[in-house]
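These protein sequences, in sequence, are chains H and R. Residues 1 to 434 in our numbering are what the first sequence lists, from first letter to last. Residues 1001 to 1179 in our numbering are what the second sequence lists, from first letter to last.
Don't read these hints as lab results, they were simulated from the structure. Don't take each hint at face value.
Pair ranges (Cβ atoms, derived) [unchecked claim]: (1) 1079/R with 329/H: 30 to 36 Å; (2) 226/H with 1136/R: 19 to 25 Å; (3) 413/H with 1144/R: 57 to 63 Å; (4) 289/H with 1136/R: 16 to 22 Å; (5) 1167/R with 38/H: 42 to 48 Å.
Where chain H lies over chain R, by a calculated footprint (3+ residues, C-beta under 8 Å) [what the hints assert, rightly or not]: (6) 1114–1125; (7) 1139–1152; (8) 1155–1167.
A quick note: this is a predicted structure, and the numbers were derived from the prediction, not measured. We put the beta carbon where it would ideally sit given N, CA and C, even for glycine.
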Amino acid sequence: MLKQRQTFRSLWVALIFFGVSSAAWAQLEITVSGGQESARPIAVVPFAKPGSIEADVASIIEANLSRTGLFETMSRDSMLERPTDIANFNSSNWRAVRMENVVIGQLKLDPATGNVGARFWLVDTLLNEQLLGFDMPPVPPSQVRYLAHQISDLIFEKLTGIPGAFNTRLAYVAAQGLGFERRFQLIVSDADGYNPRTIATSREPIMSPAWSPDRARLAYVGYERGRSAIYMHELRTGQVKTLVSERGINGSPAWSPDGTKLAVTLSFETNPDIYVIDIATGRRNRLTKHFGIDTEPAWSPDRREIVFTSDRGGNPHIYRVPVSGGEPERLTFQGRQNLRASYSPDGRDLVLINLDSGAYRVATFNLSSKRMNLLTEGRLDESPSFAPNGAVIIYATQRGNSAELGTVSTDGRIKSRLRQTGDVREPAWSPLSP
Amino acid sequence: MNFPSLRLCAVLLVVGGLSACASGGSKDAIDRSPSPAAERPATRPLQDFSGRDANSLSAAEQARVEMEAALARNIVYFEYDQDTLTSEGASTVRAFADYLLSNPAARVRLEGHADERGTREYNLALAERRSRAVEAALTRAGVTSAQITSLSYGEERPTCAESTESCWSQNRRVEIIRL
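Make the full structure from the sequences, and use the hints.
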């Protein structure tokens, strides 16, 4: 008999729906390479469901888990039985085929509302113990993928101790064509590449998308009437506001962790310097004053410091300055250049672009040991940032003459590629749901 | 001070090998110099904009044709990670300085570009530095800053999409756009 340490709990998590929806390009196609030798075997048994529900929740969970490289999923053909209820579950049958963890479950249709609910269990067959058992609140049929992502998050966190980031979004920029034919799109998709939606389209460049901490807004750089500007796009309503459009550069928007301020690069006073803008009041505070280039600001998670790229020492390197002001301190010395740093969620590391021997690569830089750790082998990698759970880093890379997105685990061992037709770049991973 | 027209002469010599400068390099050389057709070399029409032989043009028209020819070359190229003008770039800028000086109502936009190496926002700053170098050369030549606006595109608008040096060298540029 299975030990049931946990009783059923209901999980009420607000799903964020975007009000904006329009036809976008083909969705990102994701492939994984590398993988860990110690990947944990897990079986995700197809969920029982009424015939009227099409979604295959188990296969979405399976894809999520295997994409992390931390799990090796069992093929359905190899499953000798397909239990869908804990009452009929036999741990020893799965132990016999070396399946340490098994996920089983059921989908239920609420006939009154047409909504889909789920009940699932995660079992440790070695301990013969139920690790998780949840009744998930019903969602409209169009939202069943998000239900599967929530289940994936719960399983991933239970087994790894790391919060899952499956129920998150990606923002990225796609570009196609040269010269007058060139078109730019700002796209938001699910973290697994599904449901791409075009948020903005322009003949002029779109750059540097950045999520507000509450995931409700995207700040980005655009061009209009011969000027650049930093825009704020409210995702629910599609409303766009111009935050700043000075002469010269209006670039590198970076949200403060509390969502009240943006650090930006402006060049209208003399040359590119870092400014902090209070979003509510519009009040500006100039943080750096130097004749060199200062750009690419990023906030520390504790809101006290900002790192940025500066060539004040000759070549571009990473500097750190208190948000309250003060003399910037140079952080990086290894390699010819270091650019576009941002913090890990725990604030202990930076991820940045390191130039050495002619190759621009993704590296992490530990703030206490000052050690640089190269993670990628590209020649033109850029725009790295940590996933909101800190488990992987997403970045843009080149393949032939086109650009695509990649992820790499923080130990450099597991890589994935996210590609679609046309150039895709400047990935920004949304925060976890609030 | 006939600084500007001397520069024009230099440009004309480079571009067409013509002798419009022979009239003495006065400020009027651009529009009104009564340089007789006979004194000009008999050959090498520059570019037949009007459908007539260049030799049959009036001096003023001739100068305009020559200036247009010089202005057709409106892209200033830069070395890797550099914002200093090459001698070729400087001659392109001189042609535009002369054009702006002789046409005070004329305006240009300087669009700065970088190659794809390096990060996008840093390249935005680097490309702005290049358009500022061109702007500085124009204002040194006497052009008023009201005639000039600048816009940096960084690496966002390449003219060539391959990851090779020959392609990168075409993308590191400032385009001088007449408004």
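Do the hints match the structure? See the list:
Checking the proposed 30 to 36 Å range against residue 1079/R and residue 329/H shows it holds: the Cβ atoms sit about 31 Å from each other. A C-beta distance of roughly 20 Å is found between residue 226/H and residue 1136/R, which places it inside the suggested range of 19 to 25 Å. Between residue 413/H and residue 1144/R the beta carbons are some 60 Å apart, a value that agrees with the proposed interval 57 to 63 Å. Our hint of 16 to 22 Å for residue 289/H and residue 1136/R holds, since their Cβ atoms are close to 21 Å apart.
Take residue 1167/R and residue 38/H: their Cβ atoms lie about 43 Å apart, and the range 42 to 48 Å holds. With 9 residues having a beta carbon nearer than 8 Å to a beta carbon of chain H, the region 1114–1125 of chain R meets the requirement of three or more and the stated coverage holds. For the region 1139–1152 of chain R, the stated coverage by chain H holds: 4 residues have a C-beta nearer than 8 Å to a C-beta of that chain, and at least 3 were required. Coverage of the region 1155–1167 of chain R by chain H holds in this model, with 8 residues showing a Cβ closer than 8 Å to a Cβ of that chain against a need of three.
The structure is consistent with each of the numbered hints, conforming to all of them.
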